[in-house]
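Colleague: With the sequences and hints as input, model every part of the structure.
Oh and the sequence shown: position 171 is 155 in this note's numbering, straight run, nothing missing.
No wet-lab data here; the hints were simulated from the structure.
Hints are supplied without guarantee of correctness; some may be wrong.
Unchecked claim - Think about it this way: if two alpha-carbon atoms lie no more than 30 Å apart in a straight line, the pair counts; the simulated DSSO-like pairs of lysine-lysine are:
#1 K67 to K48
#2 K143 to K48
#3 K120 to K159
#4 K(-10) to K67
#5 K131 to K108
#6 K120 to K82
#7 K14 to K131
#8 K131 to K82
#9 K39 to K142
#10 K4 to K154
#11 K159 to K142
#12 K27 to K98
#13 K142 to K161
#14 K98 to K151
#15 K(-10) to K27
#16 K131 to K118
#17 K6 to K159
#18 K83 to K39
#19 K118 to K48
#20 K98 to K108
#21 K39 to K67
#22 K118 to K101
#23 K142 to K154
#24 K107 to K27
#25 K142 to K82
#26 K39 to K159
#27 K107 to K143
#28 K14 to K83
#29 K101 to K14
#30 K107 to K48
Remember, it's a predicted structure, so these values are computed and weren't measured experimentally.
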Amino acid sequence: MVFYFKSDVVSPPYTIYMGKDKYENEDLIKYGWPEDIWFHVDKLSSAHVYLRMPKGVTIEDIPKEVLIDCAQLVKNNSIQGCKMNNINVVYTPWGNLKKTADMDVGQIGFHRQKEVKIVTVEKKINEVVNRLEKTKEERYPDLAAEKESRDREERNEKKAQIQEQKKKEKEEMKKKKEMEELRYGCGAQTRPCQLYFTSSLSISTYCSQNCWQGPHTRTHTDRAGIKRQESSKKYGAPHKMKRDVSLWSSKPVRPAGAFNKSKQGHKVGAEKNGPGDEPL
-15 MVFYFKSDVV SPPYTIYMGK DKYENEDLIK YGWPEDIWFH VDKLSSAHVY
35 LRMPKGVTIE DIPKEVLIDC AQLVKNNSIQ GCKMNNINVV YTPWGNLKKT
85 ADMDVGQIGF HRQKEVKIVT VEKKINEVVN RLEKTKEERY PDLAAEKESR
135 DREERNEKKA QIQEQKKKEK EEMKKKKEME ELRYGCGAQT RPCQLYFTSS
185 LSISTYCSQN CWQGPHTRTH TDRAGIKRQE SSKKYGAPHK MKRDVSLWSS
235 KPVRPAGAFN KSKQGHKVGA EKNGPGDEPL
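Modeller: In structure tokens:
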């Protein structure tokens, strides 16, 4: 059997609980929660009183009124302590409790003494004790099942956080890849990429339709005003030519026969004839 109390001096109220005897204290030690704070009268026999803290709240954040409630309750449940003034009450996180096989029933130690705090109780305050006694409830909880349920919920929360983190990383990688495509996939042509920002197409779709593919190509404009791609050994394998006169150049397009394909013939035609005439 476990006794539960409610400290409603703050909102939301805090839950305080303790075992009926030293044998139940063993179960409370075993199945305590990381959020629990353990209270006991220093150097005297007393009940083991636990304060259940909200997640994320540390021992340093215990409200002063709640701390007084816990100290008064543990003093009142000490055979010797309830008759004495100016007693010390020690308290520490549940995770700092140390229980070994050679200890007696109900006996406890600490892993780290520096995590043990002390509060002095000058005298019994009947008003506080009576208020807590009015909230007292007797329960027979399955401490092991409650602990497992709490741990399972914590594991699920951690899994959800990990999945959310992976999702963010995946989105960041996708964004980074798209930016790389935007930067390198279009080569030296910047105009289509600028137009992309006003397009409803994705980067990959837009670049496949409007941009030269591959970061190892370079472009030039021939005398007909046609944008061409070429590559050398430095830039890798040759690429196909792509025409988009309206997109790349505002110059008028000369007929294909306006000049000779051969380099020499082209020079002759350019020197002796006017624009558009056949070479002599």
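Colleague: All hints, please: hold or fail.
Modeller: Going down the list of hints, with the structure as the test:
For a cut-off of 30 Å, the pair hint linking K67 to K48 stands: about 23 Å separates their Cα positions. Restraint check for K143 and K48: not satisfied, since their Cα atoms lie roughly 35 Å apart, outside the 30 Å limit. Distance check on the hinted pair: K120 and K159 sit about 58 Å apart at the alpha-carbon level, beyond 30 Å; violated. Proposed proximity of K(-10) and K67 is supported: the alpha carbons are some 24 Å apart, at most 30 Å.
In summary, the hint linking K131 to K108 is not supported, as the alpha carbons are separated by about 33 Å, beyond the 30 Å threshold. Distance restraint check for K120 and K82: the Cα-Cα separation of roughly 28 Å lies within the 30 Å cut-off, and the hinted pair is therefore satisfied. For the hint linking K14 to K131, the alpha-carbon distance of about 10 Å falls within 30 Å, and the restraint holds. A C-alpha spacing of about 18 Å is found between K131 and K82, which places the hinted pair at or below 30 Å, so the restraint holds.
Annotation: proposed proximity of K39 to K142 holds, straight-line Cα distance about 14 Å (limit 30 Å). The hinted pair formed by K4 and K154 fails the criterion: a straight-line CA distance of about 53 Å is larger than 30 Å. A C-alpha spacing of about 26 Å is found between K159 and K142, which places the hinted pair at or below 30 Å, so the restraint holds. Only pairs whose Cα atoms come within 30 Å are accepted, and K27 paired with K98 is accepted, the gap being roughly 17 Å.
Pair hint K142 plus K161 holds up; C-alpha atoms about 28 Å apart against a cutoff of 30 Å. Between K98 and K151 the alpha-carbon distance is near 41 Å, which puts this suggested pair outside the 30 Å criterion. For a cut-off of 30 Å, the pair hint linking K(-10) to K27 stands: about 26 Å separates their Cα positions. Our distance criterion of 30 Å between C-alpha atoms is met by K131 and K118, whose separation comes to about 27 Å.
This hinted pair does not check out: K6 and K159 have alpha carbons roughly 60 Å apart, beyond 30 Å. Restraint check for K83 and K39: satisfied, since their Cα atoms lie roughly 24 Å apart, inside the 30 Å limit. With a C-alpha separation of about 21 Å, the suggested pairing of K118 with K48 holds against the 30 Å cut-off. The hinted pair formed by K98 and K108 meets the criterion: a straight-line CA distance of about 27 Å does not exceed 30 Å.
With a C-alpha separation of about 35 Å, the suggested pair K39 and K67 falls outside the 30 Å cut-off, and the hint is violated. With a C-alpha separation of about 28 Å, the suggested pair K118 and K101 falls inside the 30 Å cut-off, and the hint holds. Between K142 and K154 the alpha-carbon distance is near 18 Å, which keeps this suggested pair within the 30 Å criterion. Restraint check for K107 and K27: the C-alpha separation of about 17 Å stays at or below 30 Å, so the hint holds.
For the hint pairing K142 with K82, the CA-to-CA distance comes to about 27 Å; that is within 30 Å, so the pair holds. Of the pairs offered as hints, the one joining K39 and K159 is violated, with about 35 Å between alpha carbons and a cut-off of 30 Å exceeded. The hinted pair formed by K107 and K143 fails the criterion: a straight-line CA distance of about 48 Å is larger than 30 Å. With a CA separation close to 9 Å, the supplied pair K14 and K83 stays within the 30 Å bound.
With a CA separation close to 21 Å, the supplied pair K101 and K14 stays within the 30 Å bound. Under the criterion of a C-alpha separation no larger than 30 Å, the hint pairing K107 with K48 is consistent with the structure, at around 16 Å.
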